[in-house]
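Participant: The listed protein sequences derive, respectively, from chains A and B. Per our numbering, the very first residue in the first sequence carries number 1; after that it's consecutive. Per our numbering, the very first residue in the second sequence carries number 1; after that it's consecutive.
A hint or two may mislead.
Pairs of lysine-lysine, DSS-like flavour, derived with a Cα cap of 27 Å [unchecked claim]:
id	chain 1	residue 1	chain 2	residue 2
1	A	Lys424	B	Lys11
2	A	Lys761	A	Lys432
3	A	Lys298	A	Lys409
4	B	Lys55	A	Lys692
5	A	Lys25	A	Lys239
6	A	Lys25	A	Lys150
7	B	Lys55	A	Lys25
8	A	Lys150	A	Lys439
9	A	Lys761	A	Lys439
FYI, nobody ran anything at the bench for these hints, they're computed from the structure. Computed from a prediction, not measured in an experiment: that's the story for all the values here.
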Amino acid sequence: MSNTSVVGTSVPRIDSAGKATGETKYVTDISVPGMVHGKVFRSTEAHARIVRLDVSDAERLPGVVAVVTGADAPYSYGRMVEDEPFLAREVVRYIGEPVAAVAAVDEETAEAALDHIYVEYEPLPAVFDVEEALSPTAPLVHPQLESYRKGPIPTPVPGTNMCSSFRIRKGDVDAGFARSDFVFEHRFATPPIQHCYIEPCCAIAEYDCTGALTVWSGTQGAHLLQQLLSASLGIPLYKVRVIQPPYGGGFGGKVPMHVEPVAVALALKCRRPVRVVLNREEEFAASTTRHASVVTIKSGVNRDGRIIARKVDAVLDTGAYARIGPLVLRNGSIAASGPYDIPNVWIDGACVYTNKVPAGALRGFGTPQMTWAYESHTDMICRELGLDPVEFRLKNVLRDGGENANGEKVRHVAVDRCIEAAAKGIGWGEPKVTTSPGKARGRGIAATVKACAGPAESLVVLRFNRNGRVRALVSASEMGQGLHTVVAQIVAEELGIHVDDVRVTQPDTDFTPFDELTTASKATFHTGNATRAAARDLRHQIASIVAERLGVPQETLRFEGGRVIAEGLGESVAITDVLGKGKHRATNELVGRGMFASDYVIPLDRETGQSEAPVAFWMYAAQSAEVEVDLETGDVRVLRVVAAHDVGQAISRLGCEQQIQGGVVFALGQSLWEQTIVREGRVVNPTLLDYKVFTSADTPEIVPVIVEDAPHSLGPYGAKGLGEIVTTPTAAAVANAVFDATGVRITDLPLTPEKVRAALKAAGTKTTL
Amino acid sequence: MVTIRLRVNGKAREVSVRPNETLLDVLRERLGLTGTKKGCVLGDCGACTVLLDGKPVNSCLVLAVDAAHGEVLTVEGLAENGGLHPLQEAFIRYGAIQCGYCSPGMLLSLKALLDREPYPTREQVMSAISGNLCRCGGYHKIADAAQAASSAGERGGDDRS
C-alpha cells in the first residue's frame, strides 16, 4: 500500500452527477446547425461483384440531400492493413458492408430513400469457415492483398486468406513432450460475440470552406481517428479535428470506424454536417464482433504435476477486413500458454480472412479466447490425473523471478495470491451443499494473464487557475471505466486538493494532447503516469512561487488540505491564493505538462517471440464460480463468483469494484448464452432480445477481491490495469464448475442448456426424474 | 401532423407530432429532453424508460398520440425542490453509474418501484430493473443505491437479502 490520501480510497465518480440528472450530452444527443441525417445501403451478399449500382431515383426524392457510392469516395483505411474501402468498390466482401449512403433532411426520409437504390450483384464464391479459408483451394477474400499498405505488426500472406500470423518458440517443445509422463491434447472454440454497448455508434462530420474536417464521434481514440482520416483522405492532420463527446460504452467496439467513413463521404458531397447513427440491427450485423476462435492445446505433464511443455495452435476468424485483428492475434497469443512457468512453449497463431462481418477488439484483445482454452484444458488435466485444480495451478503458476513464454523474467506477480483468494472465497475443498433432486452443484476456478502490449505514449496538460482549481486536458477516453475519476484523484493527491476541484476535459484533437486510443487496459497506467508527471510539474511551479513569497527553500514545502505548508516556519499559503497575488510573475495561470511512454518495450523476435521486455505491463487474476446445473434441462445457474484481481494498487477502490463486478456480468453472458449466430455469412439474431444480454435477474452474487500485494514499479503508485482482464477467466471457471457438478465437459462456448443437456445425455447422466 | 397535449415533468406541453412518432422521439427531438436515451428502439434495452401516468414504459414503444393527456416523468424531472432525488444521490454515492447511458432508464424504473413499494427486497429491486440492460456494471451497485434510497435505507435499515 502506498502512502497516499486520495489514491486508494473510494470517491464518488466525478462524471456521475451529469449522468444521474440527464444533463450529460452524449454523442447521440448532439445536434449541429444545418445537420442532415445519413443512412447506409448495405450489401445483402457475402461475396459478390457489383455489376450495376443505380442511385438516380434516390437522388431525385424530395428531402434527399446527397447519395454517395464508392465512386464518390474512393478512399480506403486500416490501421493494420489498408484493406477497407469507405464504401464498397467493385466488390462486396460481407453481408452488411456499406455499398451506398443517403443524406436527407431527416432519418425517416433517408431510410425511405434506401428503397430506391438498385444494385445487381454477380455472386462470387464465399468462405465462412477459418479452416476452409486456409485450404489452398479456398476463394480469396482479398486477391489484391499484396497491393495494400500495411503497418509493422501484420504479416499477411498474398495469395492466401492469411491476414496475420504470430509465433512463440521457447525451449524444445517436442523434447519436452517426449520427456513428459503424460501428454494431453484438447480443442476448444468460441463464437463471435457483440459488444452491446447501450449507446449505438454515432458520428457527425462537417467540412468547412477550407477543406478542413471536423468529426464528432463516440470513438475510443480521438487521435487515432484523426490519423486514420488524415491518412485515408490525404489531408494534413491539422485539417482534421476530432471531438469526442461522452459516449455510452465502448469495450473495444468503438475503436474501428463504423459510421465515420460514411458520414465523411456524405459531408464531402453535400457540404453540410451529416450525422450517422447505427440502429441496433446494424450494430449486430455490420459493426465489429469479437473474433471467433478455434484453439488446440497440447501439454506434457510430469507425475509430480509440473507442466513440462505446452503447444498452442490458435486460429482467429477476422472476417472480411483486418481492422485491429492482427493486434488482437498478437496480444492474445502472446500469453496463450497461460500464467504458468513452462520451460518449453510453442505457440502458433493465425488471423484469417473470411466473408463475414469483421472482428476486432472486445474487452480482452484475444485473451478471453485463449484463457477459455488453456484454463479448460488445465482443469481437464487435473481431473484426468486426479490432481487438485488449485494445487496444480499453484505448483505451475508464475511467481516473481519466474520465466514466461517470452523468456522474460517476470516481476510484480501476485497471481498465486489471486488463486488462493478465489479458492478460499468460493469454499474450495469444503463439502458440497446438497440440493434438490435433479440438480447438482459444483465449483470451478480459472487463472489468467493479460498483456498491455505497448509501447504507447500519453500526454497530459493541466491548467491551474487563479482559484486554485485544475482543468485536466486528457485525450484518453472515459467510456464508463472511470478514467476521469482516476485522473482527478491523481491530481488531487499530488496537489493536496479535493477531487471536486479537478475537472477533466473531453478529448478534442485541437486542444487535448496526444493519447492515441484507450484500449488494452492501458489508461490508468499510461495516462495515470502522465497525469502524475504533469501534476508534479505543476507542483514544482507552485512551490517556486510560494517559496519565493515565504522565503523558504522549495523542498520544505508540503501540499496538503488545500494549502502549501512551509514545514518548521509555521506558515502556509492557501492553494487558492497562489496566483493573482504576486508582483513579478505572470499570475493568471500555470500549465503543467506530463508525458509517459512505455518505450522500454523491446519488440518480440519475429521468429521466436522472445523479448526481455515484451509488453508495457502484465495483469493477472483468478476467478472461481459455484454453479447449479439442472440435470433435466441442462440449464446452468451461476450462484456465486469470486473475482480476485492483481491490480498492483487500486487508485479508486469503488472504480475497481465497479469494473470487477461489471466485467464478471459481461463475461457470464458470454459463458452461458451470448453468441452472434452467423449462417452463410448472415447474422440471424441481430437484436438484444434474441442475442440475450445478461440482466439483473440473471446476476448472481459477485465478490470482488482487490489484490495489492505486487505493486508495479513503473505504474502510478504501483497501479496496473484492470478493465479487460475482469472478463477473461469467467467462462472457464463456470465450465470447470459445470464439470465438477456433472462430470460433463463443454469445450465450445457458450454453455447453452441445449449443449449441456446433450452432453449429459451422451454421458448417460440420468436426466429424467 | 397531430397536435397533442400532455404534461411532461409537471408542465403542460402542446406538441405537433407525426401520427407514427414515438414518445421517445417527441421527448428528445421536439422537447429537447435528451436525458431519455435511445438504445435499441425495440423495447429490449430499457434505456428510454420514462414514467407514463406513474408506470414505467419503454418510450420507444409508445406512440406519442397514445400518450396524449398523459403525465410523463423523465430523468430531467426527477430532481425535487432544487435538490437531487434520493435515488440520484444514491446512484452517485454508491457507484451505480459507469458510462451512464442506462442510468436515466434505471432511475425511472426504480422510482416506480419505490413509489409502490417503499421497502423493496433485493429481489424486488433486481426484478424492477430486469428490463433495463447495463453493459458496464454488475447491477449490484445499482441495487445497493436503490436500497439505500428506499425508505428502509433512510431509516438506516439494511434489507439486502
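Participant: Now tell me if each hint is right for this structure.
Facilitator: Checked hints:
Only pairs whose Cα atoms come within 27 Å are accepted, and A/Lys424 paired with B/Lys11 is rejected, the gap being roughly 56 Å. This hinted pair checks out: A/Lys761 and A/Lys432 have alpha carbons roughly 23 Å apart, not beyond 27 Å. For a cut-off of 27 Å, the pair hint linking A/Lys298 to A/Lys409 stands: about 24 Å separates their Cα positions. Only pairs whose Cα atoms come within 27 Å are accepted, and B/Lys55 paired with A/Lys692 is accepted, the gap being roughly 25 Å.
As the CA atoms of A/Lys25 and A/Lys239 are separated by approximately 25 Å, the hinted pair is consistent with the 27 Å bound. Of the pairs offered as hints, the one joining A/Lys25 and A/Lys150 is violated, with about 37 Å between alpha carbons and a cut-off of 27 Å exceeded. Proposed proximity of B/Lys55 and A/Lys25 is supported: the alpha carbons are some 26 Å apart, at most 27 Å. Of the pairs offered as hints, the one joining A/Lys150 and A/Lys439 is violated, with about 54 Å between alpha carbons and a cut-off of 27 Å exceeded.
Taking the CA atoms of A/Lys761 and A/Lys439, the gap is near 15 Å; set against the 27 Å cutoff, the hint holds.
Of the numbered hints stated above, those contradicted by the structure are hints 1, 6 and 8, listed in ascending order.
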